[in-house]
Amino acid sequence: MAYELMSGSQAAAVAVQRVGVDLVAAYPITPQTAIVETLANFEGKGELGGEFVSVESEYAALACCYGAAAAGARVFTATASHGLAYMHEMIHWCSGARVPIVMVNVNRTIGAPWSLDPDQGDSLSQRDTGWMQIYCSGAQEVLDTVMQAFLLSEELLLPCMVVFDGFYISHTYEAVDVPDLEKTRKFIGPPPFTAQVQPEKPANIHALITGDMQADLVRNRHETMLRAPAVFKEINHRFAETFGRSYGVIDSVMPPGTKKVILAAGATAETVRWTLPELEQTGMVQLRMFRPFPREDLCNLFEAHDIEQVVVIDRNCSTGMGGILAQELQAAVYGMEKPPAVKDIILAGGIDLTPEMLVKALTETASLDKVEQKWGVDLR
Amino acid sequence: MRIDEYKQESEMLNPGHNACPGCGAALAVRYLTRALGPNLAIVLTASCWSIISGMPPLTALKCPILHCPFPSAGSVGSGLRRGLNARGQHNTTVVVLAGDGGTFDIGLQALSGAAQRNEDYLFVCYDNEAYMNTGMQTSSATPFGARTNTAPYPLFKEGQKKDIMQIMAAHGIPYAATATVAFPDDMERKLKKAQEIRGFRFMHILSPCPPGWGTDSSDTIHLSRLAVNTGFFPLYEIVNGVSWKMTCQPEGKRTPLKEYLQNQRRFKQMEDLRIEALQEEVDHDWEALQEKIEATKCSD
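If you read the sequences in order, they're chains U and B. The opening position of the first sequence corresponds to residue 1 in the numbering used here, with each subsequent residue numbered one higher. The opening position of the second sequence corresponds to residue 1001 in the numbering used here, with each subsequent residue numbered one higher.
Rather than coming from a laboratory, the hints here were simulated on the basis of the structure. Each hint should be verified, as a subset may be incorrect.
[Stated by the list, open to error] Residues from chain B that keep clear of chain U, each with C-beta distances beyond 12 Å, as calculated:
id, residue
1, TYR1031
2, ARG1082
3, ALA1169
4, LYS1268
5, THR1296
[To be verified] With the C-beta cut set under 10 Å, the calculated list includes, among others, these residues of chain U facing chain B:
id, residue
6, VAL55
7, ILE205
8, ALA240
9, GLU241
As the structure is a computational prediction, the values presented were derived from the model and not from experiment. Think of the CB as a built atom: it goes at the ideal place given N, C-alpha and C, for glycine as much as any other residue.
Using the sequences plus the hints, can you model the full thing?
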């Protein structure tokens, strides 16, 4: 074991270097820059193993990854906020094209006005693009998840987004257990997928098709993505055998007698975890996988513990509806024999959640049955 | 090419493609793939060729075509080239194929980025001077005075056609050339020359469009030749952004532009004043080109 002090962003870059990729194409944006700078440094020292391409936009970064992945290369990119929004067309295209790509998104509010705080609306608004999304709450988790994301993406031929909060994760330094290079390469192995572009094989790749043909492809993509939780668990089983750590699609803490759980994704999950001892009969769920939405895992957990209420921490707001995680959860628990009530704490603007705010939120949501939503700013 | 040198087996355009009769773009790609094949991979952005290429599992070409979103061609080409290299396929020629919209307009940023990085592939713009696949709307490659469905009569395209060749020359890329379908030998020589060069290469191919231009499908070659002979579309090449050379002179004195314009419906009802204005623009550009060519000769 070799512990090193590094930020979440550096952990993401180190994971990419450990995995070994053919190509990194990226464009800088706050708060993602440390990822691309660290990867460029690896290339400078001849340690990246592949090529680092400084492209002219985020759109170009993902387009470049698409071209390389279509040729059978293992690729990576990273972005944040406006960069992710700018990629939007390519994000759809890459999942439709079924190319494996791993992309890190560092959460940051999308303007106007300009804002830097880690609202998760940037990645959550890419919900319907056909990418898998996994949210991380710390640097070690980032490193491990980025490595695992390559295996998941290459197994299912679907692109995967690894997401973490700007600054709280990206710029916070933690002791991280950095896996040995050779051990990692052996664990990951070479890219197992077949190149779509093979010069000797004429093919009209991703050309115009009929709605009927598209319907089959969309269905196949959906059904393939539904396999992600099982594949992810299997990857983590092997990961644990090699590296001694593992993660679930959801990770929960359920103290005895828990009737209420707090659900959070990303850095706020860590705040919840640390606040839990101060709360009575309250458990927590860290939602790691957001797409596909781990409906079965969540419902089974709630059912097993007879959970009556779920308080969702939503660091986002879908204007006109509310927190996105709460909406997703309500849809997921609909049809359960005894579905838990869902309360929503909205930390729009990426505002911080302190333990004091969390305690206050739980008190207020418990006493006001009909209040479904609570604004984070009102809890200060 | 002499007819006795022609080899059917080097054709890479399959019969039964979806181009309109007399399509300049279909001819251009036929010449292109024949000159550069068979070890070829094409990146194709949204354009007429998205349709011409056919519906999978059918394909119009005997090489892989990787389709990509409209603004992305230049970047996808960069990725495909590097991806193929990573898989040891250095000998495959990568061609990025885009129309004028995907080159002059929505694709310009990616094109500029790739050219600046000197990516190792050939970018080919087949220019039919408007958004023809969507039914003839104005692009920045549409010439002054032309009517389109976003500039219908009595409106007309105002402003000059964007000078894409000067833009590419300003990037200092190893090779850039113009070509058109009436001069297949000139086009083939340039394509083969470009294929031998490493780094970013650019070809601008004028491709007449009978339904868009409002011309008879049998007039494609005639119009392509007139475009050259009037000086509207001179045939030249630029090496390293600085060395300019005419490759195919107009036959005799330059033909008056009016002869090129008069049989195209898009220029119908164009007032003499505007024809003169366009003629002046063509003359001015022609002189400017000659100056660059002379300057190159002097420095050689």
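These are the hints, each one checked on the structure:
1. TYR1031: holds, 18 Å
2. ARG1082: violated, 5 Å
3. ALA1169: Holds: least Cβ distance 19 Å, greater than 12 Å.
4. LYS1268: Consistent with the label, LYS1268(B) stays out of reach of chain U, its closest Cβ about 32 Å off (over 12 Å).
5. THR1296: With a cut-off of 12 Å, THR1296(B) remains clear of chain U, as the shortest Cβ separation is near 30 Å.
6. VAL55: Given a least distance of 6 Å, the restraint on VAL55(U) holds.
7. ILE205: For ILE205(U), the interface hint holds, since the closest Cβ of chain B sits about 5 Å away, which is under 10 Å.
8. ALA240: Violated - the Cβ of ALA240(U) stays beyond 10 Å from chain B, reaching only about 31 Å at its closest.
9. GLU241: Violated - the Cβ of GLU241(U) stays beyond 10 Å from chain B, reaching only about 30 Å at its closest.
Hint violations for this structure: numbers 2, 8 and 9, all remaining hints satisfied.
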